[in-house]
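The residues making up each chain are set out below.
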Amino acid sequence: MWTDLHRRGFLQSMAGGLCGASLASLLGDSVFAGTPAHSDMPYTSLSPRQPHFPVRAQSVIHLYMNGGPSQMDLFDPKPMLDKLHGTKHYDKIAGEIENLSSAGAIMRSPFKFAQYGQSGMWVSEVMPHFARHVDDVAIIRSMQTTNITHEPAVYIMQSGKMGPGNPTVGSWVVYGLGSENQNLPAYVVLDDPQGLPINGIENWQAGFLPQQFQGTRFRSTGSPVLNLHPDNARPADVEAIERAVLTARDRQHLQERHGDPRLAARIASYELAARMQLAASEALDLSQETAHTEAMYGIDNEVTASYGRRCLIARRLVERGVRFVQLYINQQIWDHHSNLEEGLRSACTRTDLPIAGLLEDLKQRGLLDSTLIIWGGEFGRLPIAQLSGNDAKRSGRDHNKNAFCCWLAGAGIKRGTVYGETDELGFSAVNGQVSVPDWHATLLHLVGLDYDRLYLTRDGLNERLTGVHPARVVTEVLA
Amino acid sequence: MRISAGLGMRLLVTVEFPRFCRSITLAAACSCIGHVGAVLVASLGVVAASEPLDRPGAKAALTAPLFETSVLPILQAKCVRCHGGEVRKADLDLRTAASLLAGGESGAVVEPQKPTESLLFERILDGSMPPDAEDADRLSEAQIEQIRGWIAAGAVSQRSLSADSGGGSPEENSFHAVLPILLRHCTVCHGPRVHEADLDLHTYAQFMRGGKSGPIVQAGDPERSLIVQRIAAHEMPPIDRLIEVSVKQVDVSELETIRSWIAAGAREGDVVADTAGNESDLLVTDQDRDFWSFRAPVRAVPPVVTGVDPVRNAVDAFVLAQLESRRLSFAAPADRATLLRRVCFDLLGIPPSPEQLASFLEDRDPLAYEKLVDQLLASPDYGERWGRVWLDVAGYADSDGKREQDLARPYAWRYRDYVIRAFNRDKPYDQFLQQQLAGDELADYSATPQLTDAHYDNLVATGFLRMAPDPTWRNVTNFIPDRLDVIADEIDILGSSVMGLTIKCARCHSHKFDPLPQRDYYRLISIFKGAFDEYDWMKSNWDSRLSEGQRIQRELPCNRPEERVPWEAAKAKVDQQLEILREVLRARTASDTQRYVEQRIAKFPSEQRSDLLAMLATPQANRSPAQLDLAKQFEAQLTISQRELRKLDAEYEKFLLDTESQMEQLEKDLPPEPTIHALWDRGDPSPTYLYRRGDFQLPGRLIGPGVPSVLTDGRTPFVVEPPWPGASSTGRRLAFARWLTHPDHPLTARVFVNRIWKHHFGAGLVRTLDNFGKVGSPPSHPELLDWLARDFVAHDWSVKRLHRLLVTSTTYRQSSMVAAEVKQLDPENVHLSRMPSQRLSADQLYDALLWVAGQLDPRRGGAPDGVELRNDGLTTPRRGSAGWRRSIYLQQQRKVVVTHLETFDFPAMNPNCSERHDSTVATQALYLWNNGMVEELAEHFADRVVELAADTPESQVEVAHRIALGRPATATELKTGVTALRDLTEAWEAYDARLVGSEPVAPAGSMPRTAVVRALSNWCHAILNSAEFLYVD
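Residue numbers (this note's numbering), protein chains in the order written: chain A, 1 to 479; chain B, 1 to 1033.
Among the hints, a few may not be true.
Unchecked claim - Derived, one-sided and incomplete: chain A residues facing chain B with beta-carbon distance under 10 Å:
no.	residue
1	Pro-128
2	Ile-201
3	Val-225
4	Asp-237
5	Arg-316
6	Asp-361
7	Val-468
What the hints assert, rightly or not - The calculated DSSO-like cross-link candidates involving lysine-lysine, where the alpha carbons are at most 27 Å apart (straight line), are:
no.	chain 1	residue 1	chain 2	residue 2
8	A	Lys-393	B	Lys-539
9	A	Lys-161	B	Lys-895
10	B	Lys-539	B	Lys-504
11	A	Lys-88	B	Lys-504
12	A	Lys-363	A	Lys-161
13	B	Lys-647	B	Lys-371
To be verified - Residues from chain A shown here face chain B by an in silico Cβ test under 10 Å; the list is partial:
no.	residue
14	Pro-79
15	Leu-81
16	Pro-110
17	Gly-178
18	Pro-185
19	Phe-208
20	Glu-239
21	Ala-240
22	Asp-250
23	His-258
24	Ile-267
25	Arg-275
26	Leu-278
27	Gly-366
Hints listed in this document are in silico derivations from the structure and should not be mistaken for laboratory results.
Here the structure is a predicted model, which is why all the values come from computation and not from measurement.
For every residue, glycine included, the Cβ atom is placed at its ideal position computed from N, Cα and C.
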């Protein structure tokens, strides 16, 4: 068997695709595929739709910080921890601790905090680059969730519910708004080549929404989309002849069946696949970027290159009208059960400069006014130490559902805001609590969707991202 | 939300929510639609909680207007006709204060003291109630004011005042006030299975008896009761063991409840579980029962039709009658090749063979088709095709899901094989259901030392109830809510897929559309309690970190000799190999250690050496004083631990690691001990409480086993008996399974025949396969549905017979290609004016690709075939020696889904899939066009064509059509096919010519494929990509 002939030649041969199929047959468009016989028919196309409110953010970049970043070591300084350092506390919060056997005493932050920008926002020393952008950011210090175990907590943060099978935020956004770019997926996931985050592909599932609202994984190196190119490339003219054979047969087949719309849609999907080969390759081709830009994202540095590349790709996708871009880091880099000091420093080193570069680049291109950036994980961490042997330097912090920080930047955001308050130890939010449904309602609001009106009716129940209870849009962080 | 106890009086439920929302009022509503009497009072407590009567405000209430005198007369005159005894619109009963305060479907209608937040007042005020009222029916301003005044003064009634002085539900005044708390926090260690400190808290008698330290309760004196002391001191439950047993700390309010129950005398009380009685049910009326799907199917007489179309059986008569009434008729019959391809995919899931095609086209017997159908139904491929349909229903998966470590279920496949076997043997559907729902109670499997085939099938079948995603094998995801979610998923699977009811909606509140009170959900829960007990939970036992003793066996041992014997032999062999490795390691460790010790001794003065050696050789106890002295000085430096040795000697370290990895591999290669992934009743289940708002921390009324009232006459108790004399099993599920498979059951047969119908005809007669309730679609052919259901049951629930009936009908044999006018008259094909063309499912496409390529490995059953996850996310099945087996035998891990299947809409089982939906997305095109496996299969397909065809392009084109598309090629296709092959060959020849001298055409070692064969492969690849291959007419 022959392998690996010229792969590129194939792409050039794609230009002469089928014509006639409507542009409304977008990526994943199955508008024709089977019409439900009952009402409450879900959207099945990606054509742009009317929002509920004026749109503040055209696009969203979700910097998902899997693992649970420590709020009191990053954005929510707690001097009381210094005072009470070493004091036994675990018996007061035993029910909230996942690993009781390793629960230690109250632990101060190993990092120094300082105030930055006009807003005077406190940021820890491990995020020096982010600190330069605090005036473009609103931080919520009073996030709360309902589970202290990664998998369920991640499901909640991504989809509002505690298990798999429910649409994620990106799916809902794209479901509600459709897509601006018909040659690229509307919801793109940039996962880490080093591995998937916890819950894997379930992080971008469409759940009970139609499949086209699922996130599409783009790889930041190599061929960007699975099966985008043949495993064994065929010579361009062979490819062209084969395609002509297929086209002729499919058209004949369609004609004999009186233009069955499902079959027309299928022909269109082959066309779109061909266009996507070009569009996706172009969007991910970083060779057009200057060395200066690459440096801004840290692509010139081994430690920051991987995340920096994803940040830069995110900008390029947003520029091309992709609605929702989600960035992941492998595994649980924020999950510091031990070695918090070293681990948190390392997680920040990998991401701080690239994120700052992204904010800066979007701003200089005017895209920060139409793009919403969100940063956060699934929960926060406890004010007490989680012990790791006898070496205090190796201590970490266990999970905490009662308080964590998320931030928003860019479109529609009241910049330079700190919202919400935790108790003196940072254990629990005590003022302006923001639940996950509130967070979701706020995100939807920013893209022009009313959480209460964005639903799919299943068996008589209006299924919403925010569940059956009312949620609150956190207007305090909105411009 | 917390429960707090009003001291001595009654339980008050205060609701602490971040926001006061509609769901709270809902809670009040659903907790009390249950029963008159006691529950009503309990629910009153809930509603009144915003201003409890035993607080200061209560005094004022004594002078407030009373419901009975100021409001009831108005309601009786204006409202009760629709919101009363006979009719209870919106589930609202305005006949008593309690029922009014209980609210209705939308939740509470009265917020005491807040008229403007009370729906009752608002609706009357804005004129929307009474609806469409004549002037005379409207309330006068004075009457409206009277209602406002009553609410503003606190919505007081005589009944609530008297309840205040010694009321409360029986549960609240009984052991059931505290038992849920004990179940939540204590009984895992002090309960029926484990009695630490000789203490068992799960019954009143045992509770009062106390444990090792004597009685734990001093009735009337909580502070001197050991149980209160230990909990108050945070000694119990011990905080360092909370995670180990997945228990939370006792809440202050919970302790308060225990205190007040003890203070009130720690009485057992007298509580009778709510079950169906002989009196008519107040919650579900006969009017509710009068809905088509809740009435038993009626056997209709097939109509007489007038047209010329052939009516082959009753199906045709019903369908044609409806068509004729719309001035439509059957479409022309499909041609034989089309029909053959259709029925092969339909019954077997794979295309017809060229031989089948040839013989069927030539068979002039008028019953050729019927003969063919019988042959197909007898093929073992049939069970694999239709077993898959049921596995979707069951939510089959080979892993637990929900956790990052997607724990494998190594023996789930037994259930898959059971299902395939059941279809192949045409197991009657009633037996099929009984085995899956109550196989463990059908026969006493523990009575014989070895499982018989019947026992084996019975037990394996219960795997149906063990298919839901389940994270409870880990302590941190094994808390009560996690367990309740697993149970809820199983009930959902059963309710939607088997019963056609969205029963799951009634977990937190009464169903919004169907007459399914929340009570009925918990009656159903009670049926399953013997096996699904959230307070007595079995974790799955594959957690390798647990030692044997710690594991609770959730799998039944499979002691069938045909598996047990080879497994034990394999295990013995592995143990032996392990022992050899260990021995080699021991020897090597000893000799290396010895060598280093000798080296060290060699550094001592020579006169000391022999003494040292002698000392080391003498056991501690036998040493002389001189040796002891010597040991004290030098033994430490002459002792080399393994850890030290590893640091000293790199070679040893390498050897050790190698050996360890060999040992690990040996252990890994040994399959886990054969077990059965089953569900069984363990007897003596915990009580079932109605959970208000679905919250286990808000237990309401005690509920007994029962079935949805709307599916009964409402006057017949649900009888449960032990399955055999002396059984520990409760027999509840068996009673349920027998009820469900009663010949007159309104739903069971209808739901099933509708599902089978859907898979033949593209859509169900009821289009919402899993919702036969009021929100579901009504049947397009109600009489046909009933006729089929009756006929199915009358013929011993034979599934194969049902298939035969459907696929031999004229309806089924219609062409899918009809004129545009017909499509306009029947756009959705509701009247079956044609056969719909259908896309192959993910599995059918996968199997068909393999089949066409001649790469379908025919082996059946057993452990699933592994899949490989490539770095870029592509997940592909591993090839075996004879190709790939059908997709039903692929390992179905929840988190690693084969790309092919995922791309073509294979469902994620969360928890199951009642109906798949086809999408048409670009990733499908990318997959079929670019994927390496598809390309490889196209090459195999081409090889097969070469083998079967004469050595001419015409013959190859013809054969390829027959293999892949199940029909001869047309003249045009022959011509264009030959041209395409010629063009492709020329393109490859030109390509080869360009490459001559520069690089090899094929990698070394592989057979070079000629330009002609490559051309044929490309052309075959196009055929596999074509719509005609993917769709069945």
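Hint Pro-185 of chain A vs chain B: min CB-CB distance below 10 Å?
Interface hint status for Pro-185 of chain A: holds (9 Å vs cutoff 10 Å).
Quick check on Pro-79 of chain A please, does its C-beta sit within 10 Å of some C-beta on chain B?
28 Å, violated
Satisfaction of hint between Lys-539 of chain B and Lys-393 of chain A, Cα-Cα up to 27 Å:
37 Å, violated
Given Ile-267 of chain A was flagged as interface, is its beta-carbon under 10 Å from a beta-carbon of chain B?
At about 7 Å, which falls below the 10 Å cut-off, the nearest Cβ of chain B leaves the hint on Ile-267 of chain A intact, so it holds.
Using the nearest Cβ pair, does Leu-81 of chain A come within less than 10 Å of chain B?
22 Å, violated
Min Cβ distance, Pro-110 of chain A to chain B: is it shorter than 10 Å?
Pro-110 of chain A check fails; min Cβ-Cβ to chain B is 27 Å, beyond 10 Å.
Would you mind confirming whether the straight-line C-alpha gap from Lys-161 of chain A to Lys-895 of chain B stays at or under 27 Å?
Since the Cα atoms of Lys-161 of chain A and Lys-895 of chain B sit roughly 18 Å apart, the hinted pair holds (cutoff 27 Å).
Hold the hint about Val-468 of chain A up to the distance rule: shortest CB distance to chain B must be less than 10 Å.
Hint holds; Val-468 of chain A Cβ to chain B Cβ min 6 Å, cut 10 Å.
So, as I understand it, the hint says Pro-128 of chain A touches chain B; can you test that by seeing if any CB pair is closer than 10 Å?
32 Å, violated
Is the straight-line distance between the alpha-carbon of Lys-88 of chain A and that of Lys-504 of chain B 27 Å or less?
Not satisfied, since the Cα-Cα distance of roughly 45 Å exceeds 27 Å.
With a cut-off of 10 Å on the beta carbons, see whether Leu-278 of chain A makes it to chain B.
Where the cut-off is 10 Å and the nearest Cβ of chain B is about 12 Å from Leu-278 of chain A, the hint is violated.
Restraint outcome when Asp-250 of chain A is required to lie within 10 Å of chain B by C-beta distance
5 Å, holds
Violated hints, listed in ascending order, are 1, 5, 6, 8, 11, 12, 13, 14, 15, 16, 17, 26 and 27; each of the other numbered hints is respected by the structure.
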